[in-house]
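With chain A's structure known, arrange chain B on it following the hints.
Sequences listed follow chains A and B, in order. Counting in my numbering, the first sequence runs from 1 upward without gaps. Counting in my numbering, the second sequence runs from 1 upward without gaps.
Heads up, a few of these hints could be off.
To be verified - Okay, the calculated bits of chain B under chain A, using three or more residues with CB under 8 Å as the criterion:
1) 18-29
2) 57-65
3) 75-82
Note that these hints are calculated values from the structure, not bench results. In this text, a Cβ means the ideal position worked out from N, Cα and C, and glycines have one as well.
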Amino acid sequence: MRKRSSNRFRLAAMLLIFFACAFLLPASRTGDGRLYLLAAAVPTVMLILLFLPGGTMFLDRPSLCAALILCGFSILAPAATLPDEALSQGMRCVAALFFLMAGTVLIRAFRPSFPAASLVALLALGLLSVPLWLPSLSFSLTEGGMALLLIAVAAFLSLHLCLPALLSSLGGLMLLLLQQDPAAAALWCVVSVLVFWAVSGSALWSGISLVSSGGLFAGCLLAAPHLIPLSASSESSLLSRLAAMQVLPPDVVPESSEASDSLFLLLGDHFGLLFLLFALLLFVLFLLRAASLALHARKSFHAAVALGTVLVFGLRAILFLIAVMNWLPVKSMDFPLMTASFPSLGAQFFMIGLLSGISARNEADLDEDSRLAMLAH
Amino acid sequence: MPVVPENIWNVLHTVSRYLFPLLALSLVFLVLFFILSESANRRERVRSLPGSGTVGELVVLSGGQNLDINTWFPVPREGVLGSIRSCDLVIPCPGVRNKHLDFSWQDGQGLLIRPRTGCEVLINGTPANCRTNAAAVPLTHGSVLQIGSAVLRLHLFAALDNTVTPVQPSPVEMSGFSEMQSPMPGSMPVPPLQDLSPQAPFQAPYPAQPSDLPEMYSPVFPVKDSFQAPPSPVYPDPGAPLPAPETDAVSPEAQPVRIRRSDRWKEDLGE
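Just chain A, same shape as in the assembly (with noise of 0.2 Å):
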């Protein structure tokens, strides 16, 4: 316990040097009063929710630390050039935080049911088919959407309710389709047939939503092809920011190569690539983390939501850099949790808040142990 609080210590301390740090060199040179304001605030926040009461709050403070550090970088890569994007920045995370209470209780207090599970399905339809009636609609609602139809489909599959599972997965892919958000629809193809085969354990039914859900993809990729708009790179490459970093010789960005305005990358320009590099680094130790909460899940619907959190956030980070390496003609998404849309800040927020219920799950599945054993002898 002793060892735990000292790790925890030393990761605030440094959390705490390194935010003022960055926050505080460009507010040194401008005099800027919001970035002295960052200086303060950011870290502040990550430290109240470091030393949040866990049990109280049922927080899982190892994967919401890592996902914090990614969100303040994502506030600190605007911050030296866009003060007003920095201060934007930081209220969207600071307000996608009650998302994460939100999917913390919800996950808490959902109990699979055949109701329950259909409820959330509709309610992940609806969400997914508002770009549909609502063209005019600024924001996407596909990430929230999504995170619904995982904890629908991960219900129906722990009830060993196939069918309803399959056809909840193949009506989100469709919507997807329909949107013209051929990224977002591969993603989900490839988590629902995950998840399928980890869950429902059963070959025939993996097959069939493999089978089924590819099927959809590909015939919609074949037969409509204006459903699915392959851009052939309007978004900024990484090679062009490497390009720009001297790291690549400027003749090897292509032609097509525009600037963007991924956080992401803005961090990479202003911190070079070697930090870029330990983010993602980061990102990679969130997943297992992550992973690692789906492992000890005593119930099937614990894991496959755990499972699928994973999977959204693992396959959106791949996404993003095949988009940006232009190795793919798809429209790229923003890196996961340094994306400037609230929407999907709040969805990918939400999901970290289902893992946080999990892993408080598993705390209390091991407490029964406790008293079990103790009650034994």
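Just chain B now, with coordinates in the frame of chain A:
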């Protein structure tokens, strides 16, 4: 707000190009240590709770040739019972299908059994199939599950709120039961049936283990490797000190007969 002079700021900026990656690396390591320490703490807790993750055990009362009497299976909160190795509970007996049934623990009710399509079991003598309401016939402490040619009794760890009057299996199906009542020499004592009545005090999951054995689980596993003393060294010099005396580890033959099924997986694989 204070502003530093340009030349000082340039120095700070140059230093920061190396400082911030270093600090970021430190952050990565500290997060890694934090995660590792949390995991180690969890492992330590799990190690101190041998029955962690399970709700009880299924003890074989009769299993025919493929399953020894008194073999016990730790029962997780939920999973699949069948005859193939990928199942959570592997019952390699005639009449047990590859994936015969799903089970899940429900707090306050017991272990709910959901046979798969075309499969049937007897729960306390009552037939159950895929159309049976699982909540109507839950397995509780002392319940008997008959699946194929195997007869299994459930011993719950969380039995305090779920004890029911134990069911005496029918003598026809309980051919191996008399053998259980007169255990083989050195075997773990099996609790008599009257101890499972609701009036009886809560029974520890692993009762009546010899007190001189090191851990709760170790005596019941006939894991040969862990009990074999290393070969005594040969000293060429007769004046050298004598080899270390034999450890007083219990020989594998003297181990109790209570068998954990998973300990036989190695020999199963060799078959």
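Check: If you check each hint against the structure, which ones fail?
Finding: Violated hint (a single one): 2; every other hint is consistent with the structure.
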